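Asker: Just need the whole structure built from these sequences, with the hints factored in.
One-letter residues, chain by chain:
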Amino acid sequence: MNVLGDLLSGFGTVLSPEYLLYAAIGVTLGTFVGVLPGIGPALTIALLLPVTFSLDDPIGTFIMFAGIYYGAMYGGSTTSILLNTPGESASVATAIEGHQMARRGRAKAALATAAIGSFVAGTISTLLLSIFAQPVAKLATTFRAADYFALSLVAMVAVTALVGRSLLRGLLSLVLGLFLGLVGIDALTGQARFTFGTMELLEGIDIVVVIVGLFAIGETLYVASRLGALPEHVEPLEPGTAHGWMTRDDWRRSWAPWLRGTALGFPFGALPSGGADVPTFLSYTYEKHRAKNREEFGRGAIEGVAGPEAANNAAFSGVLVPLLTLGIPTSATAAVMLAAFQIFNLQPGPQLFDNSPELVWALIASLYVGNVLLLALNLPLIRIWVKVLQIPRPILYAGILVFATLGVYASTGSVNQVFIAYAVGVVGFGMRHFDFPIAPVILGLILGPMMEVQFRRALLVSDGDLSVFVTRPLTVGMLLLAVVAVLVPYLPRIVARLRGRRAGDEPRKLTFAEED
Amino acid sequence: MQDMQQRRPGRLLAAAMAVTLVAAAAAGCEKDTAGGRSAAGYPSKTLQLMVPAAPGGGWDLTARTMQKVLTDDKLVGESVEVYNVTGAAGTIGLSQLVAKNSGDPHHLMVMGLVMVGGVVANKSPVKLDQVTPIATLTAEQEVVVVPANSRYRTLEQLMTDAKANPASVTWGGGSAGGTDQILVGLLAKAAGADPKAMKYVAYSGGGESKAALLAGDLTAAVSGQSEFKDLVAAGKVRALAVSGATGVDVGAGTPTRTIKEQGYDVELMNWRGIVAPPGIDGPAKEAVTALIDRLHGSPGWKAALQQQGWEDFYRSGDAAAAYFADENRRITTVLTDSGLG
Amino acid sequence: MGAVRRSGVVLAAALLLTGAALLVSALRAAGGDLALRGPRLAPVVVSAAWVVIAALYLLRQLRAPDEPREPAGLRAPAGVAACLAGFAVALEYAGFILSAAVFVVAVARVLGSRHPLRDAIVAVVLPTVVYLAFTRLLDIFLPAGVLPL
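Residue numbers (the numbering used here), protein chains in the order written: chain A, 9 to 524; chain B, 482 to 822; chain C, 20 to 168.
Check the hints yourself; a few may be wrong.
Computed from the model, here is a short list of chain C residues facing chain A with C-beta under 10 Å [said to hold, decoys possible]: (1) 44; (2) 51; (3) 54; (4) 75; (5) 81; (6) 85; (7) 108.
If you're looking for bench data, these hints aren't it; they were derived computationally from the structure. Here the structure is a predicted model, which means the values were calculated and not measured. Yeah, the Cβ is synthetic: ideal placement off N, Cα and C, and Gly gets one too.
Answerer: Encoded structure:
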């Protein structure tokens with residue numbers, strides 16, 4: 009098995025002016041589309057599918073698609089950081105610290121750590137894809153329904169740090185997300201739930217609609233309610249940035265989160281029903297937990313941008329593993345790419361590497377190229393992006409609302425969905441006004457349905473026998489992990505009890521946040 | 482300074498108006514120069530094709546292929562627009578077509594077997610017999626597969642167990658009420674088993690059920706014929722039967738036998754077709770049908786069928802209307818028997 | 020101060036009532052069928068959790084209300100919401116360009132803009148460019164409406 013030779017010949021294919029042009033078009037198009045809320049890589053690639061018929065060049069097509077994905081993900085982060093308007097679930101975690109950084113005049117550093125982190129993660133994870141594609145593919149076919157349930161439980165417990173300053177408010181936000189996730193047709197039986205007799209709610213409330221509503225629209229309404237107290241322009245600009253985009257300290261604090269984010273993103277991407285969103289939240293939580301300067305979190309800690317951005321990008325290489333080796337798409341983008349493979353009469357699966365090695369290795373090589381282009385294109389663009397913040401506030405927010413409406417309408421084709429997004433926006437305004445955290449809503453919406461469906465699938469498969477959750481070591485291991493994750497914050501108190509001291513002497517528990 | 486501020490917006494405004502004018506002129510030209518108006522004078526304005534699902538799926542691809550062939554082969558003089566209305570196996574698009582576009586022959590909708598099932602499973606208040614059937618276009622067979630290490634070598638062995646002990650066989654496939662579950666229900670009925678007793682686990686999209694089959698959660702998976710091709714070819718899964726009239730090669734190198742050939746009276750095609758809104762009859766309906774007839778006869782469509790690997794499944798006019806009605810009856814019965822109606 | 024204090028309590032009570040309504044609706048839909056693998060258990064569990072947490076939140080607000088917040092101006096958000104509603108209603112009839120243009124001018128005004136000319140320019144250019152880019156380049160459908168595009 010000569011990975012290096014194959015990869016080199018892949019580069020040989022890709023490094024032609026024509027394919028480099030495709031990659032550049034992809035990255036540029038992706039970045040500009042990704043900036044729009046609600047229009048992500050999956051939709052862009054889906055809309056470009058018909059164009060590929062006439063292109064009749066699978067290699068060029070896939071090189072462009074990879075570029076679009078990287079570009080769109082980065083474009084989404086840009087608006088999350090600058091305007092707190094993430095367009096899809098994978099950039100919500102970035103928005104938390106990224107926007108705080110921008111508000112404190114550190115937009116350039118946030119954008120830079122996102123771009124460089126994406127590059128580092130993309131490069132490392134592509135390397136992992138080149139070398140470990142076959143073994144990692146096993147991961148996808150090891151997990152059974154019970155394991156997915158256990159995994160989503162671990163994720164749910166682990167990210168409770170997002171609950172924020174007040175436990176009760178955070179839980180209410182989480183429950184709202186869980187409720188929103190239940191609306192619509194039940195995936196397993198086709199029964200309608202919480203649709204209140206309407207057709208529109210049958211399809212459920214799309215996560216894009218919720219994100220656009222809670223962030224773009226909710227934020228605008230909130231800004232409107234505070235008009236008197238705000239200057240005409242949105243954010244202060246960077247104080248004299250003599251030393252480029254990031255300071256030495258920024259670099260020191262970013263590199264480890266980049267690596268850890270990559271380590272989380274790659275395997276999660278390879279799991280069916282994984283995708284990029286869960287690892288970004290996990291990365292954020294992890295960085296917050298281990299940070300020495302925890303009080304800086306919530307006020308623009310660069311680690312909270314570096315980690316999730318790396319995880320987000322690494323997930324894509326992970327997603328490609330089961331797609332290329334087994335023909336199993338694990339995310340919306342991968343599903344659309346699978347359709348593209350089929351247009352070219354290619355069947356991703358165990359034989360793809362043998363039947364079309366040229367295509368596969370060119371695709372992998374194009375990921376490296378796409379990463380380099382992303383960095384080359386976006387670092388210089390940072391200067392221009394931050395200018396967005398100089399647009400007068402009334403015009404800026406009018407534009408955000410137009411794009412938000414456009415995004416929802418273009419992706420669902422229904423004015424009713426636009427109204428749902430507006431309604432969610434009003435809720436988002438209320439949540440901001442009463443100081444409820446937003447991120448747990450998204451979390452409940454992502455993890456809730458996953459937990460429920462996998463729990464019930466496991467029971468369907470086992471004929472209602474609950475022992476299915478304790479028969480396999482993998483399941484048991486993850487469930488124990490979840491229990492540990494619940495207990496960890498209380499450990500100091502438990503240890504103190506065991507030592508026979510009064511509980512009051514010790515710090516009561518490791519606090520996730522100031523007012524727990 | 483004052484002067485500058487006064488002047489600059491003025492210049493910008495002029496530029497903006499210029500851009501708008503140029504754009505409008507360009508759009509106008511496009512319409513004037515496009516030739517090849519059809520004989521019947523239909524379509525006389527922009528033809529709107531609704532895809533009642535998200536971009537990227539089978540219906541979307543069908544519509545966008547139609548759009549491309551209609552304009553590239555100059556079958557229409559007007560432009561063709563595709564728009565997506567997502568949701569609930571297409572029933573949301575269906576209700577929108579009925580509510581908003583009644584009597585308008587310039588609005589057509591792509592649909593298929595999945596929508597027939599969706600109307601039943603989602604208890605849609607709008608039924609398929611409310612719209613005007615135009616044609617069926619393409620179809621794909623279904624395939625039943627088991628893991629390579631499964632003890633089932635024939636469909637008969639599988640169905641015997643499924644009948645004798647339904648709990649011992651876990652079926653997996655696409656969404657509840659979709660083509661895959663319809664096939665399981667039809668198979669159960671043909672084998673003399675109770676469709677309601679079949680243990681069917683629904684997954685979203687082909688990927689998830691593939692992973693579940695390989696991981697060992699499922700006894701058998703049901704899917705579109707091309708979905709498992711590479712896994713069959715690699716010897717990781719075994720195809721037991723296909724659901725069409727004649728056997729096809731689903732990766733094994735030789736045609737896999739049909740369900741009928743193995744003694745069960747079941748034939749099921751995952752077909753796609755096109756319908757017009759309600760209230761279209763007489764000349765209007767004939768004009769739409771004639772256009773789709775011309776589409777089907779065009780070289781561009783034939784090339785697209787071949788490239789996409791779609792089976793030509795064309796019926797139009799009365800034949801299409803009769804087929805829609807038959808399928809509607811059959812699918813409603815089997816899904817109701819399966820406990821979904 | 021009093022009004023601010025009450026607003027927290029009112030919110031908590033409203034949340035509790037909403038949760039209770041959802042719980043009733045979930046229980047009614049279940050009709051006694053709460054099988055572990057059935058579709059009816061999760062709605063009941065989630066809405067019950069909502070009720071419990073909202074009740075605790077109400078207790079907390081009654082005992083120790085949140086610190087007073089800076090009062091929000093409700094006129095501007097209400098104005099923005101009205102503009103949004105108008106935009107969505109007009110979108111499919113007047114078309115994207117026209118409705119977005121009127122919307123931009125109106126919202127900018129609500130958000131305190133005092134430069135009608137600047138707003139008007141943006142209102143014409145932005146929707147036109149977006150419309151052309153979407154429909155011509157990306158092939159995404161947007162309603163043309165009354166304009167002859």
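Asker: Would you settle whether the hint for residue 81/C is holds or violated, based on the nearest Cβ-Cβ distance to chain A being less than 10 Å?
Answerer: Violated, about 13 Å.
Asker: Is the hint on residue 85/C kept, meaning its closest Cβ partner in chain A is under 10 Å away?
Answerer: 7 Å, holds
Asker: Is the shortest C-beta separation between residue 108/C and chain A less than 10 Å?
Answerer: 8 Å, holds
Asker: Quick one, is the residue 75/C hint okay against chain A at 10 Å, beta carbons?
Answerer: With a minimum Cβ separation of about 6 Å from chain A (threshold 10 Å), the hint on residue 75/C holds.
Asker: Hint validation: residue 54/C versus chain A, beta carbon distance must be below 10 Å. Holds or violated?
Answerer: 8 Å, holds
Asker: With 10 Å as the cut and Cβ atoms as the points, is residue 44/C at the interface with chain A?
Answerer: It holds, given that the least Cβ distance between residue 44/C and chain A is near 7 Å, below 10 Å.
Asker: Once the shortest beta carbon distance from residue 51/C to chain A is found, is it less than 10 Å?
Answerer: 15 Å, violated
The structure shown violates the earlier hints numbered 2, 5.
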